[in-house]
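Number of protein chains: 2
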Amino acid sequence: MNRKGIIIVVSGFSGAGKGTIMKALTAKYDQYALSISATTRDPRPGEQNGREYFFVSNEEFEKLIAEDGLIEHAGYVNHYYGTPRKFVEDKLKAGIDVILEIEIQGALQVKKQYPEAVLLFVMPPSAAELEKRLRGRGTESDEVIRQRLSRAVEESVGIENYDYIVINDILDDAVERVHGIITAAHGAPERNADFIAEIRDELEKL
Amino acid sequence: MNRKGIIIVVSGFSGAGKGTIMKALTAKYDQYALSISATTRDPRPGEQNGREYFFVSNEEFEKLIAEDGLIEHAGYVNHYYGTPRKFVEDKLKAGIDVILEIEIQGALQVKKQYPEAVLLFVMPPSAAELEKRLRGRGTESDEVIRQRLSRAVEESVGIENYDYIVINDILDDAVERVHGIITAAHGAPERNADFIAEIRDELEKL
Chain L
1 MNRKGIIIVV SGFSGAGKGT IMKALTAKYD QYALSISATT RDPRPGEQNG REYFFVSNEE
61 FEKLIAEDGL IEHAGYVNHY YGTPRKFVED KLKAGIDVIL EIEIQGALQV KKQYPEAVLL
121 FVMPPSAAEL EKRLRGRGTE SDEVIRQRLS RAVEESVGIE NYDYIVINDI LDDAVERVHG
181 IITAAHGAPE RNADFIAEIR DELEKL
Chain C
1 MNRKGIIIVV SGFSGAGKGT IMKALTAKYD QYALSISATT RDPRPGEQNG REYFFVSNEE
61 FEKLIAEDGL IEHAGYVNHY YGTPRKFVED KLKAGIDVIL EIEIQGALQV KKQYPEAVLL
121 FVMPPSAAEL EKRLRGRGTE SDEVIRQRLS RAVEESVGIE NYDYIVINDI LDDAVERVHG
181 IITAAHGAPE RNADFIAEIR DELEKL
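Chains L and C are the protein sequences, given in the same order. The numbering of the first sequence is our numbering, which starts it at 1 and goes up by one. The numbering of the second sequence is our numbering, which starts it at 1 and goes up by one.
If you are wondering where the hints come from, they were derived from the structure by calculation, not from laboratory data. Check each hint, because a few of them may be wrong.
The list treats identical chains as interchangeable, and a pair is accepted whether it falls inside one copy or across any two copies.
Unchecked claim - Simulated pairs of lysine-lysine, DSBU-like, Cα-Cα distance not exceeding 30 Å:
1. K4 <-> K132
2. K91 <-> K111
3. K132 <-> K63
4. K205 <-> K132
5. K28 <-> K86
6. K91 <-> K112
7. K111 <-> K4
8. K23 <-> K86
9. K91 <-> K205
10. K86 <-> K132
11. K132 <-> K111
12. K205 <-> K111
13. K93 <-> K132
14. K28 <-> K63
15. K205 <-> K112
16. K93 <-> K4
This is chain L alone, in the form it adopts within the complex:
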């Protein structure tokens, strides 16, 4: 069977653990690649071009937009962030499922262009657990935590646009559920039209 990759869009509340799930998923299974975003912000210490981000100038970014070289992009705190199309399409062609960790505006831009993309929204098991995780980091002020929590309320309005919610209770279970969702998606008839046609032809010849 000729397997083509799927785009998986992952959003979720800050602190729900989407990054951790995706890191564990890509470490466990070869079939996934994390998309690398382009950004105009400066690299932070330890960040490498082409690993965390593709670091580009404003001019380069605007050229990418003009050439339709980005699947989605958004401005955030004075900088651009976007998903380079070429990286994603090369992976899909090679049969690799590509994971995009982006917010809802980007998610909807992707779904418009790639209706067969699978949209996941990662949630904590409860609001109290989310607060606990945010406080547990110990790195953020009370005010920042409040901001993140009230931002979560805003984000929760868009959940209905997603195909699946993933509750991050136990990390390994959440990883397996995400893997199950994507494996299931590969079984949609529209993704297997060639296989279905082929088996029909073969049956008729028997």
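Position chain C relative to chain L; hints supplied.
Just chain C now, kept in the frame of chain L:
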């Protein structure tokens, strides 16, 4: 989270192994129940009322139809077959996923009444493999095998109505793929509206 059961409809080519997959699935996981059909045909030796089928008279069957007591039904070789609604709805309420092994006409009747039902179509890895399995049974004449194969061609026309195809290559893998599909389905936002509303409320109170 208040988990409600899901209806899973399973169809597939004769010989593709759908019965074997479903038996292995229900043996492995507690969350599934196989729906038991009502039929007007006589029990065969070894069959028990309420285990393989509910064996009913023509009058009883027609009463079930008249009372809307069947989710779907069909006539086949002079006898009625149908899925009693009560059994299915009791299981769903108890949080059990109910598996219906039925053909495409029945599958479409179910989808109409329960749009959130998940429709699976089990296929062999190839037409040659299907023929091999049918011949391997050693119980059927060449003519019956030919009939089954040409029937498979007809059935393959309806595959596009299903949500997922499941290729039965290695039994354990197929069982896990089916389990993954159903687990994924439980994560649809419309099935988790209460949970989403609850977490939103909690977040607003924090």
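I want to check one pair: K132 and K63. Are their C-alpha atoms no more than 30 Å apart within a copy, between two copies, both, or neither? For K132 and K63, the Cα distance exceeds 30 Å both inside one copy (43 Å) and across copies (57 Å).
When no copy is named, should K91 and K205 be tagged within, between, both, or neither for a Cα gap of at most 30 Å? neither (36 Å within a copy, 43 Å between copies)
At most 30 Å between CA atoms: does that hold for K132 and K111 within a copy, between copies, both, or neither? neither (33 Å within a copy, 42 Å between copies)
Are the CA atoms of K28 and K63 at most 30 Å apart within a copy, between copies, both, or neither? Neither. Shortest intra-copy (36 Å) and inter-copy (55 Å) distances fail the 30 Å Cα cut-off.
Reference check for the pair K86 and K132, CA-CA at most 30 Å: within, between, both, or neither? So K86 and K132 fail the 30 Å test inside a copy (39 Å) and across (44 Å) alike.
Is it within, between, both, or neither for K93 and K132, if the alpha carbons may be no more than 30 Å apart? neither (41 Å within a copy, 33 Å between copies)
Within a copy, between copies, both or neither: where do K23 and K86 come within 30 Å Cα-Cα? within (22 Å within a copy, 45 Å between copies)
Within a copy, between copies, both or neither: where do K28 and K86 come within 30 Å Cα-Cα? within (25 Å within a copy, 43 Å between copies)
Up to 30 Å CA-CA - K132 versus K4, copy category: For K4 and K132, only the inter-copy Cα distance (29 Å) is at most 30 Å; the intra-copy one is 40 Å.
Please sort K205 with K112 into within, between, both or neither, judging by C-alpha distance up to 30 Å. For K205 and K112, the Cα distance exceeds 30 Å both inside one copy (40 Å) and across copies (35 Å).
If the cutoff is 30 Å on CA atoms, where do K205 and K111 land: within, between, both or neither? Let me know, please. neither (40 Å within a copy, 32 Å between copies)
Under a CA distance limit of 30 Å, which applies to K205 and K132: within one copy, between copies, both, or neither? between (63 Å within a copy, 15 Å between copies)
When each numbered hint is compared with the structure, violations occur for hints 3, 9, 10, 11, 12, 13, 14, 15.
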